[in-house]
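Counted the way this note's numbering counts, the sequence shown spans residues 1 to 582.
Don't take each hint at face value.
[What the hints assert, rightly or not] Quick list of simulated restraints, FRET-style, between CB atoms:
hint	residue 1	residue 2	range
1	D323	G174	18 to 28 Å
2	A136	S31	21 to 31 Å
3	A356	G174	34 to 44 Å
4	N542	A136	16 to 26 Å
5	G56	G160	16 to 26 Å
6	P200	T120	48 to 58 Å
7	P538	P485	21 to 31 Å
8	P538	G174	15 to 25 Å
9	T327	A44	33 to 43 Å
10	M65	A270	55 to 65 Å
11	A356	P139	34 to 44 Å
Worth flagging that the hints you see were computed from the coordinates, not collected in a lab.
The beta-carbon is built from N, C-alpha and C at its ideal position, and this holds for glycine as well.
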Amino acid sequence: MRSRSMVLCVATALATVASAGTSALAGPAPSAGTNVRVTVDNGANGSYRSADQLAGGGYTDPVLMRCGIDRRMQNEPTLAIDPRDPSVWTSGSNDYCTVPTAGDAWAGFYRSTNSGMSWTDSLLPAYNGDMSSEGASSPLRAQVAAGATAAGDPVMAWDGSGDLFYMGNNFNRGVENGVSGGTRDNTGDIWVATYAPNDPGNPATDGAHYVRTVILATNTFGKGSFNDKTNLAVDPATGNVYAAWSDFHGAGCNEILFSRSTDHGATFSAPLKISSGICGNQGPSIAIGPSGQVYIGWEGNTGGALSKAPGAVSGAVFASSVDFGQTFSKAVFAVTYAPFVFSQFSGNGARECGDAPFACPTGFTFPRSDLAGPYLAADNVHGTVVMAFQAAQNSGQGQIETVRSANGGATWSGPALLAPSETGHQFMPFLAASSGRISAIWYDSRGDLDYAATRPPCNSASGQTSACLNVRYAESIDGGANWSPSVQVTDAQTNLNYEQFGGRLVPFFGDYITVAAQGSTVGAVWTDQRNTVGMPDPSGDNDGADVAGDPETGGACTSSATTCFDDTGGLDQNIYSALITP
């Protein structure tokens, strides 16, 4: 995995991208079931339960009561399926239902006992206003009291004994400290929570009992340090819990840090930097090999900390451990590629575009999308490791590409298109492997009647937005060499461009969606705008991205921190799920 493999990887990355073949499936083509709303906060059937209630207690509070009726935003969903009982699913998201009462978004926790057909919604304990015993015992309570009232970036993984591990970050929004524009006074941390069975002898209760939260790392106040972009995996053989995240700095190259627990999440090792020699590090993804190898991939570049040097390359970086996460190989590029990011559509390099002061020269409206992968899966039946990432084609079109390794990441194949399409952008891929099948999902705008490679998804040439986006699914049963024809998961197209954030001036659609698999059970979760109520803005840009209740549309809702938006539906962004039949 040293110099020779690096040369091979760069050489394959510079080769012409090949199109993946289509494998013959052993049975019918995969299909997606009914789309189910995970975040039920619409008042009619909405109800958020406390961690205490999930375990059989009676605690509730005004924060939970408001969450069930306030129709706020949720994004960046995670999903995990219980290996002891695949009908038990857990999910989470950045949940903004806490904004009116707690002051900021928090980590939502959702649980299903019927393969995602219905959900019980909850929150991670210790949110601002949580007076339960679970909240009091959490180390996040002190962080919240110090001003770190937000939590997010949720990811989840199960062990084989009914325990669920839930990872994310906790933070304030950061304030400039006067030293430089890149240095902020950030508080907060990286955490991992554990949820156990209510009854260890009954798998149907798995993950219902909140046990603890452990802090793995804290932001360095006054230095611009911000721990972000988390990932989590559990080794089913040893029960080891592996966590990785990005540590961003006000100056210097940001890092990928790694920590492990060998005592079922009770304690974690000191953070270990595994990204030496690489810059621009973000978005780690973890997979477990057949003999307990720990594989980690992330996006990186060879440029400087704040701007890329001439000749710098970007791509998917890879490191591995053969001693259960005690030490790692040197980080090297598995493949280089041009990341597909929405800033190319702004005209001024902006990450996101909306209404003034966030209007962009091109006149388009779109959320940020600058986390370009990779996501990993280890198919231990076929002995391969597969990466998927969103790459910009020569035309500017975004397409999902994959590479695979048959020798634990020592060498990699050339990149291939996962689901080639002449129209539409593809982004936010996610992979999961189980029982010799690799499942993939992503957002896809091939249904966009206004598509052009030079325009962001669901934007016309004049900057009018529309509902054109879907989630699609494909699978490989030969270790990632070939992929089935993709199928549509969503039963309603969505407009990702609604301006619900930044004072209703810009959109935000999160950084990822999730597919999970256990045996033949496959599920997907994604951010969806089908319940959002839009409203024309005839006196303004009338871009189709304005929401009901906003003063721009004649509404009177000046702040999302009030109850005003509850009845309009203008902020009703939700998480949806679907059971996929392979």
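We went through each hint and held it up to the structure:
1. Between D323 and G174 the beta carbon distance is about 37 Å. The supplied range of 18 to 28 Å is therefore violated.
2. Checked against the hint of 21 to 31 Å, the C-beta distance between A136 and S31 comes to roughly 46 Å, which is inconsistent with it.
3. Taking the beta carbon of each, A356 and G174 are about 24 Å apart, not inside 34 to 44 Å as hinted.
4. Our hint of 16 to 26 Å for N542 and A136 is violated, since their Cβ atoms are close to 50 Å apart.
5. The hint said 16 to 26 Å for the Cβ distance between G56 and G160, and at roughly 24 Å that hint holds.
6. A hinted range of 48 to 58 Å is violated for the C-beta pair P200 and T120, which are about 20 Å apart.
7. The given range of 21 to 31 Å is broken by P538 and P485, whose C-beta atoms sit roughly 43 Å from each other.
8. For the pair P538 and G174, the supplied restraint of 15 to 25 Å is violated, since their beta-carbon distance comes to about 37 Å.
9. Between T327 and A44 the C-beta distance comes to about 54 Å, which lies outside the given range of 33 to 43 Å.
10. A C-beta distance of roughly 40 Å is found between M65 and A270, which places it outside the suggested range of 55 to 65 Å.
11. Taking the beta carbon of each, A356 and P139 are about 42 Å apart, inside 34 to 44 Å as hinted.
In summary, the numbered hints that this structure violates are 1, 2, 3, 4, 6, 7, 8, 9, 10.
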